[in-house]
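S.K.: These are the residues of each chain, in order.
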Amino acid sequence: DVKVTQSSRYLVKRTGEKVFLECVQDMDHENMFWYRQDPGLGLRLIYFSYDVKMKEKGDIPEGYSVSREKKERFSLILESASTNQTSMYLCASSSLGDSAQATDTQYFGPGTRLTVL
Amino acid sequence: QKEVEQDPGPLSVPEGAIVSLNCTYSNSAFQYFMWYRQYSRKGPELLMYTYSSGNKEDGRFTAQVDKSSKYISLFIRDSQPSDSATYLCAMSTTSGTYKYIFGTGTRLKVLA
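Note that the protein sequences, when read in sequence, are chains A and B. Residue numbers are given in my numbering: position 32 of the first sequence equals residue 32, and the series is strictly consecutive. Residue numbers are given in my numbering: position 111 of the second sequence equals residue 1111, and the series is strictly consecutive.
Isolated chain A, as found in the complex (with noise of 0.2 Å):
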């Protein structure tokens, strides 16, 4: 089974602190990503990264930044975290399988529930 690990379930950060979030996955998928998940948004892509120290810009990316040293780990970083990016994180792996055998869905962790005060 794939597992995708994420460092903290819960988090409470103040504003202006930087905020590390981390992900492991231990199935040697080439795709990573971060989500973040809001009520009535849906899940929407910060980042994601193809390879290791290869990044690609999401759809929402202005505030966070992304590391990939290794290939089963991804880290999302918020240099100085702000109150509006209280929110559920994802983070996603896939492989570079083949679509119409359905072997490069994306599995998800858990999710880390940050909150900025």
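Note that these hints are calculated values from the structure, not bench results. The reader is advised that the hints may include incorrect statements.
Stated by the list, open to error - DSSO-like mimics (lysine-lysine), calculated; alpha carbons at most 27 Å apart, straight line:
1. B:K1099 - A:K71
2. A:K18 - B:K1042
3. A:K55 - B:K1099
4. A:K57 - B:K1042
5. A:K55 - B:K1042
6. A:K55 - A:K70
7. A:K53 - B:K1099
8. A:K55 - B:K1056
9. A:K3 - B:K1042
10. B:K1042 - A:K70
11. A:K57 - B:K1099
12. B:K1002 - A:K71
Stated by the list, open to error - Over the 10 Å line for every Cβ pair with chain A, so calculated as not near, a few chain B residues:
13. N1022
14. P1044
15. L1046
16. Q1064
17. K1070
18. L1088
19. T1104
From the three backbone atoms N, C-alpha and C, an ideal C-beta is built for every residue, glycine too.
Position chain B relative to chain A; hints supplied.
M.R.: Structure of chain B alone, referenced to chain A:
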């Protein structure tokens, strides 16, 4: 207009009912259609995956895609209280794309 529309619910049904969950979309290039189930305070888990049009069945779950109407459905037969969750549809275009477009989710409550 959003690329993917999904009724947020909540949808409440009695145990044993047949549930129909739906998404509409505007981008005719979508070819891959997924349904995820998300329990409260957990991450989404993949439930069904369909390529192009047609039906796919897995146990009590059936996924349907009607590309001519740009409409996808998930049917749950003999619904159970354990099916109470939020159901998210997701879709993507051609093979090799990394980008999924998600619906906002429909909250389902199955009453015992």
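S.K.: Give a verdict on every hint.
M.R.: Each hint tested on the structure:
1. B:K1099 - A:K71: Roughly 19 Å between the alpha carbons, so the hint for K1099 (chain B) and K71 (chain A) holds.
2. A:K18 - B:K1042: holds, 25 Å
3. A:K55 - B:K1099: Roughly 13 Å between the alpha carbons, so the hint for K55 (chain A) and K1099 (chain B) holds.
4. A:K57 - B:K1042: Measuring from Cα to Cα gives roughly 25 Å; hence the hint holds.
5. A:K55 - B:K1042: holds, 26 Å
6. A:K55 - A:K70: holds, 13 Å
7. A:K53 - B:K1099: The hint holds at about 19 Å.
8. A:K55 - B:K1056: violated, 34 Å
9. A:K3 - B:K1042: holds, 14 Å
10. B:K1042 - A:K70: The given pair, whose Cα atoms are some 25 Å apart, holds under the 27 Å limit.
11. A:K57 - B:K1099: Given pair K57 (chain A), K1099 (chain B) holds - Cα atoms ~11 Å apart, limit 27 Å.
12. B:K1002 - A:K71: violated, 33 Å
13. N1022: Holds, because the least Cβ-Cβ distance between N1022 (chain B) and chain A comes to about 15 Å, which exceeds 10 Å.
14. P1044: At roughly 5 Å from the nearest Cβ of chain A, P1044 (chain B) sits no farther out than 10 Å, so the non-interface label is violated.
15. L1046: Violated, because the least Cβ-Cβ distance between L1046 (chain B) and chain A comes to about 6 Å, which does not exceed 10 Å.
16. Q1064: Per Cβ check, Q1064 (chain B) is outside 10 Å of chain A; nearest 16 Å; holds.
17. K1070: holds, 18 Å
18. L1088: Since the minimum Cβ distance to chain A is about 7 Å, L1088 (chain B) lies within 10 Å and the statement is violated.
19. T1104: violated, 4 Å
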